[in-house]
Each structure stands twice: as C-alpha cells, then as structure tokens.
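**Student:** Okay, here's what each chain looks like letter by letter:
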Amino acid sequence: MKKVLIIIVIIAVVIIGGVEIGVTMQKSKTSSQNAKQEEKVEENIDEGFIFNDGNIKLVPGSVFSKETLGLGDEKNYSEIASCAFEGLDKTYTYENYEITTFPDGDQDKIYTIYLLNDQVQTAEGLKITDEKDKMISTYGEDYKTQGNQYTYTKGKTNLEIIVENDVVTSIQYSYVTE
Amino acid sequence: MKKFIRIIIIILYLIIIFVLANKLLSPKYMTDLVEGSMIAEYYDEIKNHEVIFIGDCEVYANFSPMVMYEQEGITSYVRGTSQQLIWQSYGILQETLKYEIPKVVVFNVNSLRYSEPVSEAYNRLTLDKMKWSKEKIDIINASMTKDENFMSYVFLIIRYHSRFSKLTSEDFEYLFKEKKNTFNGFLINKNIKPVGSLPTKKRLPDYNFSEKCIGYLDKITKLCKDNGIKLVLIKAPSLYPYWYDEYNEQIVNYAKENNLDFYNLKDVADEIGIDYQKDTYDAGLHLNLTGATKLSIYFSKLLKEKYSLTDFRQNKEVNRIYQEKLISYKSAIS
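Residue numbers (my numbering), protein chains in the order written: chain H, 5 to 182; chain E, 82 to 415.
Just so you know, these hints were derived from the structure itself, not from any lab.
Beta carbons are placed, not taken as given, at the ideal position from N, Cα and C, and that holds for glycine.
Treat the hints with caution; some may be incorrect.
What the hints assert, rightly or not - Okay, derived cross-link-like pairs now, EDC-like style, lysine to aspartate or glutamate, Cα gap no bigger than 16 Å in a straight line:
1) K136(H) x E168(H)
2) K70(H) x E99(H)
3) K227(E) x E251(E)
4) K128(E) x D356(E)
5) K148(H) x D287(E)
6) K261(E) x E251(E)
7) K274(E) x E71(H)
8) K212(E) x E122(E)
9) K282(E) x E83(H)
10) K271(E) x D356(E)
11) K283(E) x E168(H)
12) K184(E) x E398(E)
Unchecked claim - What follows is a list of derived Cβ distance ranges for each label pair:
13) G58(H) x Y325(E): 31 to 37 Å
14) D108(H) x D113(E): 49 to 55 Å
15) T155(H) x I295(E): 41 to 47 Å
16) V333(E) x G58(H): 43 to 49 Å
17) E135(H) x P275(E): 41 to 47 Å
18) K303(E) x A127(H): 50 to 56 Å
19) Y124(E) x N121(H): 52 to 58 Å
20) T155(H) x R394(E): 55 to 61 Å
21) N340(E) x E128(H): 35 to 41 Å
22) T249(E) x G91(H): 26 to 32 Å
23) D342(E) x E135(H): 41 to 47 Å
24) I127(E) x V180(H): 46 to 52 Å
25) D122(H) x I295(E): 31 to 37 Å
26) Y124(E) x G109(H): 34 to 40 Å
Let the hints inform the model, and build the full structure from the sequences given.
**Tutor:** As structure tokens, then:
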C-alpha cells in the first residue's frame, strides 16, 4: 500500500508540475508573442486612420494624455463603469469631437473619436453634412455595411460613417481591439 | 487481482486529484466578482415564487424581493446575471420552470440591443456556476465568443489553470462551502455616485432589434403562454446605455401584437421618486439600495393590483420563512 501511495504522490506531482510547466511555457510563449504583437502595433499604429483637425492629431489605439496631445480642458467628462468588472471607460467631450478611452493596464488608450458637428472634417476632407458621393470619391468602395453604416478599415482602425438620405450624418474613428 | 485493484485505486486517486484541482483553480465568486455566484443561489431556495425576474444587471441591482414581500406579501426571485443576453434569459427561464411555475415572469428588455455574444468574462459569470442541464448546454453553445471552446465550460481547469499562481485565501476558504451574496437574487449596493454628464447619444447604424433577438423574445412569450404564465416586459430605469425611442417603439408594438404588458419604468422615474443624485451607485447605470427600494415599492404595488397576486403574509409557513429572511436583510442594509 505504501508503494501505491508513493506512486500516486509522484504521479500527482508530475501532473501538477506538468500543468504548471506547460502553463509557464505557454505564458512565456504568449507573452513574447504579445510583446512582438504590441511592438508591431506600436510600429503600425500610424498606418491606420488618424484624426487630424490641423492642431491635434489623434490616433485610435494610442495612449491618451491630454497634456502630450495638447488637448485643453474638455467641456464634459464622464466615466462609465461596467456591470461587474473594474475599470472605467472615460469620455472627454470637446467642442467638435468626443474621445472615449479604454483602460489598458495602467494607461488609458483612445478607443473612439466621434465627430459632433460639421465644424471638423476627417484628415481626408470628409465632414458631417457631406453627400454620400463625396464619401465614395474620398474613401472608395472598399467598405462593409451594417444598416446605414459604412465601415472602412485601415490597420487597426475603423472609420465608421453613417449615411441617411444620401447625407453623412455621423463619423466615428474606432480602434479595432481584436 | 491485487494488481488490478491497485490500478483501480490509482485511477480513483487521480480522478480525486483532478476533481480537487478543478475545484481549487475555479473562481469561487464569494468575495470578489460575487455576480458570478448569483445563478447558483437559486437552487437552494424554496421554490414558491409567484414572480420571477429575468434579465441583466438592471434586474438584480434594481428590484428587491424582500421589499416587495414586506410591502405587498409578494414572493419573488430575481434570476438576473451580469450582461444576461436574451438567449441566456430564455435558457434560464426554461430551467426555472423545471423547478416551479410562477404566475408572472418579468423580463427586462434591455438585452435586446445585443444580437451577438459580447464577452467571455460575462458568459463566465452567468454560466460557471449554473447546474448542468440541456438548457446550460444550449446557452453555452449560443453564447461562446470566437476564442472559446465548449470543453472549457465542462472542465473549468482548462480555462483557469493559470490561476495556480494567483490563488487567494478565498479559494481555500470556499473550496467546500459557499455563502449567499444576494437576497432572493437582489444584490445590495449602498454606494452613491450621482449622475454627472453622460456621453453624447450617438447615432446608430440600425435601430431595429435583430431577427435573432426577436426570435428569442417570441420563444420566451410562447414558453410563458404554454405554461399559463403572464409575461410582463419592462425597461428598468437607467440613464445609460441610452434606451433609444426607436427601441421603445418596437417593444410597445411587440407588446400590443402579443397582448403583453410593457412598462417603461424609466419614463416614470419621477413618479417613483428616483433622485439620480442620490439613488444610483454608478452615475445612472444602476440604482443603489435607496433607489431599488423606491422602485420595488412602486413595482410591487403595480404587480399586486394588476395581476392579483397572493398576499403571502397571511400564510403562516411562508411568512415565517420570509420574516427570517427579512431579519437578515435588514441587518445587511443597516
């Protein structure tokens, strides 16, 4: 019986140890893959759609810092909690656009940039109230549709444009998280 | 023969070790992320509820069955979970009906806006502790996100093996025992965070509820009808995420077409007495204890008047059980 117990203990140690070694290997593999991926994302972040109103350049997926980005004080600020988990989505509303951030570790990153009126336009020159034809001539026909929304994808960003009665009524930049 | 017995003993020991490891590494949801424990608390209840609530966080944060009992003698249970999607509500209702047939089912329609699985983390809070049944299998299959696999719901160790180095005292303390975190499914939150400014109400690409969601609403409607249950649709009072007029109109029409009652309780927040400077714990998404108490007083009166529910305060046996619950509830809210 003693022998059996020793065998069982050895097998248990091997199983738990094996799981742990496997997990550690998987972790180091995953973390090195993630690190490479993050590096790649950081390198490629400028390859996506970028909002540029002449003074401010906002890149979806990049770290949000009002000071670094040269943003002044926002008109409105709100924090939205999730149902059960920690971490807040923060929304900063400026005169012509609204920025929503998401928590990523200790940092907040830009998730969406939502244009609020026709006083600003995209870097390529499209603004709310423009006609659909202008959207097509500016961005082409390589889009996906959902309802009234036309989504153009570039790098890790989406440019989501809502068109109602052939008129652009909403423009949003968003970061593609997966 | 001896050798054979030894092999059997070894296999049994290995199974025990595997089961123990599976149990130890799985989240306990007892002191952290308690929302994950709510689904299982129902199983130990005495099943005599005349009203069952199903839906997302807008039901478990906003409706207090203890207040509803104290006010009107209504026996009710909230089978809500975080971000409960409509196909999950359907499965949970099916499961509930195996235990009891209530007079009224109250369904919060907020989840109709989500036509696809949202996140694995929320799936886990609803499913990890749910008892195995055909309904659970159906819910898992309908809810899995792209990177999930079914076996990780069967053997939680597949999903949680990496918790090995993150175990806390909770994992050992609640390895073989559990505690209740809710009162008939109501999760108390006494914090106050007044409503400040809210994000802009964005235009949506499509305001129509998907065929999939309406299909599940049809299934819930039919299930209730087949069991002689009155289905009541509600939209709980919350200021965010925005409940669009277009959403509301679709529910009003659906209720009319299917001869159901729909109460948009957001529209009667003033009548209920909700003060969003005091009655919310997260700036308008959910009500806190004072808000939930006001809403429960209002809604229990409405339910009692409209659906002729029993006043169980007159029933000695039920009243004894609920008086005991009320003592614990009052101690928890004081």
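**Student:** Indicate, hint by hint, whether the structure satisfies it.
**Tutor:** For each hint, the structure was consulted:
{"no.": "1", "hint": "K136(H) x E168(H)", "in the structure": "holds, 9 Å"}
{"no.": "2", "hint": "K70(H) x E99(H)", "in the structure": "holds, 15 Å"}
{"no.": "3", "hint": "K227(E) x E251(E)", "in the structure": "violated, 31 Å"}
{"no.": "4", "hint": "K128(E) x D356(E)", "in the structure": "violated, 34 Å"}
{"no.": "5", "hint": "K148(H) x D287(E)", "in the structure": "holds, 14 Å"}
{"no.": "6", "hint": "K261(E) x E251(E)", "in the structure": "holds, 14 Å"}
{"no.": "7", "hint": "K274(E) x E71(H)", "in the structure": "violated, 27 Å"}
{"no.": "8", "hint": "K212(E) x E122(E)", "in the structure": "holds, 11 Å"}
{"no.": "9", "hint": "K282(E) x E83(H)", "in the structure": "holds, 15 Å"}
{"no.": "10", "hint": "K271(E) x D356(E)", "in the structure": "holds, 14 Å"}
{"no.": "11", "hint": "K283(E) x E168(H)", "in the structure": "holds, 14 Å"}
{"no.": "12", "hint": "K184(E) x E398(E)", "in the structure": "violated, 20 Å"}
{"no.": "13", "hint": "G58(H) x Y325(E): 31 to 37 Å", "in the structure": "holds, 34 Å"}
{"no.": "14", "hint": "D108(H) x D113(E): 49 to 55 Å", "in the structure": "violated, 21 Å"}
{"no.": "15", "hint": "T155(H) x I295(E): 41 to 47 Å", "in the structure": "violated, 24 Å"}
{"no.": "16", "hint": "V333(E) x G58(H): 43 to 49 Å", "in the structure": "holds, 46 Å"}
{"no.": "17", "hint": "E135(H) x P275(E): 41 to 47 Å", "in the structure": "holds, 43 Å"}
{"no.": "18", "hint": "K303(E) x A127(H): 50 to 56 Å", "in the structure": "holds, 52 Å"}
{"no.": "19", "hint": "Y124(E) x N121(H): 52 to 58 Å", "in the structure": "holds, 54 Å"}
{"no.": "20", "hint": "T155(H) x R394(E): 55 to 61 Å", "in the structure": "holds, 57 Å"}
{"no.": "21", "hint": "N340(E) x E128(H): 35 to 41 Å", "in the structure": "violated, 52 Å"}
{"no.": "22", "hint": "T249(E) x G91(H): 26 to 32 Å", "in the structure": "violated, 19 Å"}
{"no.": "23", "hint": "D342(E) x E135(H): 41 to 47 Å", "in the structure": "holds, 45 Å"}
{"no.": "24", "hint": "I127(E) x V180(H): 46 to 52 Å", "in the structure": "holds, 49 Å"}
{"no.": "25", "hint": "D122(H) x I295(E): 31 to 37 Å", "in the structure": "holds, 36 Å"}
{"no.": "26", "hint": "Y124(E) x G109(H): 34 to 40 Å", "in the structure": "holds, 38 Å"}
When held up to the earlier numbered hints, the structure conflicts with 3, 4, 7, 12, 14, 15, 21 and 22 and fits the remainder.
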